[in-house]
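Participant: Start counting at 1 in the first sequence, then tack on 85, and there's your number in the working numbering.
Simulated from the structure, these hints should not be mistaken for laboratory data. It is possible that some hints are incorrect.
Heads up, simulated DSBU-like pairs for lysine-lysine below, C-alpha to C-alpha not over 30 angstroms straight-line [said to hold, decoys possible]: (1) K426 to K530; (2) K499 to K553; (3) K530 to K279.
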Amino acid sequence: MGAPPRPPRGRRRKEARTRRAPRPRRRTEGPVGPGGHMSGGPAEAAVRSALEDALRRMGVEEPDVHLERPRDPAHGDLATNVAMTLASTLRKPPQEIARELAAELSLETAGVERAEVAGPGFLNLHLRADRLSEDLRSLVAGDEGFGRSEVGKGRPVMVEFVSANPTGPLHLGHGRQAALGDAISSLLQWTGWKVHREFYYNDAGRQVELLARSVRARYLQHFGRDVSVPEDGYHGDFVTEIAQELADEKGDRFLDDESSQALSEMRAFAIQRIRQDQDRDLAAFGVRFDCYYLETSLFEDGTLEATIDGLREAGLVYEHEGALWLRTTEYGDQKDRVMVKSDGSPTYFLPDVAYHTTKWERGFHHAINVQGADHHGTVTRVQAGLQALGLPEGYPEYVLHQMVTVERDGREVKFSKRAGSYTTVRELLDEVGVDVTRYFFLMRKPEAHLVFDLDVALDQSEKNPVYKVQYAHARMCSIFRKAGVEGDEVDPAAADLSLLTTEAERELVKQLLEFPQVVETAARHRAPHLICEYLEHTAGQVNSWYHSGNPTRNPELAVLVEDEALRKARLVLVRAVRIVLRNGLGLLGLQAPIRMQRESS
RNA sequence: GCGCCCGUAGCUCAGCUGGAUAGAGCGUCGGCCUCCGGAGCCGAAGGUCAGAGGUUCGAAUCCUCUCGGGCGUACCA
Numbered sequence: 086m087g088a089p090p091r092p093p094r095g096r097r098r099k100e101a102r103t104r105r106a107p108r109p110r111r112r113t114e115g116p117v118g119p120g121g122h123m124s125g126g127p128a129e130a131a132v133r134s135a136l137e138d139a140l141r142r143m144g145v146e147e148p149d150v151h152l153e154r155p156r157d158p159a160h161g162d163l164a165t166n167v168a169m170t171l172a173s174t175l176r177k178p179p180q181e182i183a184r185e186l187a188a189e190l191s192l193e194t195a196g197v198e199r200a201e202v203a204g205p206g207f208l209n210l211h212l213r214a215d216r217l218s219e220d221l222r223s224l225v226a227g228d229e230g231f232g233r234s235e236v237g238k239g240r241p242v243m244v245e246f247v248s249a250n251p252t253g254p255l256h257l258g259h260g261r262q263a264a265l266g267d268a269i270s271s272l273l274q275w276t277g278w279k280v281h282r283e284f285y286y287n288d289a290g291r292q293v294e295l296l297a298r299s300v301r302a303r304y305l306q307h308f309g310r311d312v313s314v315p316e317d318g319y320h321g322d323f324v325t326e327i328a329q330e331l332a333d334e335k336g337d338r339f340l341d342d343e344s345s346q347a348l349s350e351m352r353a354f355a356i357q358r359i360r361q362d363q364d365r366d367l368a369a370f371g372v373r374f375d376c377y378y379l380e381t382s383l384f385e386d387g388t389l390e391a392t393i394d395g396l397r398e399a400g401l402v403y404e405h406e407g408a409l410w411l412r413t414t415e416y417g418d419q420k421d422r423v424m425v426k427s428d429g430s431p432t433y434f435l436p437d438v439a440y441h442t443t444k445w446e447r448g449f450h451h452a453i454n455v456q457g458a459d460h461h462g463t464v465t466r467v468q469a470g471l472q473a474l475g476l477p478e479g480y481p482e483y484v485l486h487q488m489v490t491v492e493r494d495g496r497e498v499k500f501s502k503r504a505g506s507y508t509t510v511r512e513l514l515d516e517v518g519v520d521v522t523r524y525f526f527l528m529r530k531p532e533a534h535l536v537f538d539l540d541v542a543l544d545q546s547e548k549n550p551v552y553k554v555q556y557a558h559a560r561m562c563s564i565f566r567k568a569g570v571e572g573d574e575v576d577p578a579a580a581d582l583s584l585l586t587t588e589a590e591r592e593l594v595k596q597l598l599e600f601p602q603v604v605e606t607a608a609r610h611r612a613p614h615l616i617c618e619y620l621e622h623t624a625g626q627v628n629s630w631y632h633s634g635n636p637t638r639n640p641e642l643a644v645l646v647e648d649e650a651l652r653k654a655r656l657v658l659v660r661a662v663r664i665v666l667r668n669g670l671g672l673l674g675l676q677a678p679i680r681m682q683r684e685s686s
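Turn these sequences into a full structure, and let the hints steer you where they fit.
Facilitator: So this is what it looks like as structure tokens:
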């Protein structure tokens, strides 16, 4: 066979505006984009602007100050490496620049007690105690909104996730997607985006056809006929269950009816049952969608034809061996792709492209698809198809996650009964519960393989990270009960927060104040695991602080000390902890329990 | 073959824009614990950041190559 025909030259040249090698889409290049400063609390903002003023006085025109919280408390509350980054443009040694900056900095307006040059050119800043107190007050004032920001400016973004075919129960991969998609959606909401959650149903095409044939086979078997499920059909128990229900509801009316009408009725029945099943699991998992988009609707409303027409107009469509191809290689794909097979039916690729055009047309100029990495082959071609239609390069953005395996005693387990070859979300939910399942799906970055350790998941002690965080929250509530006060009524204005002087307390306050930045970073990187990590770390600090006040050993470090003023101040800190943990857990879709109840075994 | 992802402590994993002595949990070892909430607390040991080269004042992080693992590479979804 010769090479496929090529479109007319002039046309092609015009349309082929970009012809570059495929480039991996970094998750950091999404809607929020890199760059732009993270907020930080009022104290940090004051430090930043004071540093910028000082730098301007030193002749730096557009100072770009990066502030970080040093790991080592001895290195101050905040540190900047700006002297090192300016060394080449100012042509001076970093340490000298840092010394100048320290001298030029107005400590008063920065709210800084002292500034020290350290290491290769860091400027370490120790905040005045009152600045930390102010930030703590604003944290409590923020309450349920603490951690939210407006960087998204209310722009719409669609997050598509799960999008399971209606051909069986949801499996672990879908579970991870449900958790990820929902958490990423929440993160975007928390950072000021208008989020639309969508589920795309591939209810057309070959797979549902196979499902229908499989159900029919089981149905006929039910009536004693000697038929077998198609080789490439669905063999799980759920197919038999559906066939059983079909027989219960419709009797034997399909028994000798081999018409396509009968098959399509059976298909509709099966799809409806499976969707019900999936919906129930998603509801149990606590995930809601704003829209379920049906692939079949693209056939019905003419979107498919319109898409083909659009692609023809772009001059990138050609026929070859009876099939209709799209020249996706124009946009970096490894080979051209078939849109319509020689038998006249479309491949999944065409509706996929058509579907994504509707996202754009519905006003979602930012779209994120959460998918399993086993589908990564589709990314380039779908983006290519969309680019051919004039949509921007890199639309939509993809978050691809790796596979999930379940382990017990260090060995992989597959405890599926219903699905045949895979473990279902339902089975996992029944085994370990919603909160643990969600958290475990989120605690690793999406692109890393996830090992779901059942031994840890079933452990109800603080070795289980979920319980560790929830315990810390419950403990704070417990302290309020013990103190006989309503946590929400603990008033920072009525307390002298300068009494929070121990290192553990100061470090804890700083940790809590970091929450908004963590949310922003996690949202920008589509990385819910950063929230998990933050919560675990925070809970560790909280628990350690709490335990340091052991009544028999160090009663003076307990929250509920005799000293009324100190007690009030510490109760404010307890309230702040509770706010942050509750907000963080809520963001991930987890409960923040007032008290923990263990199941006795 | 080509493309994408991954490789950090015994295990599971963090590590933000390239920054100071690479962190956490589990496990191991050593202490403590009739505690505001229960399998808890404190501490210790444990590293050639897969390997090699490069860029840089500075690399786990950026670039190139090699090795190892996973996935993809259909007129399947």
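Participant: Evaluate each hint against the coordinates.
Facilitator: Hint-by-hint comparison with the structure:
1. K426 to K530: 38 angstroms, violated
2. K499 to K553: 27 angstroms, holds
3. K530 to K279: 24 angstroms, holds
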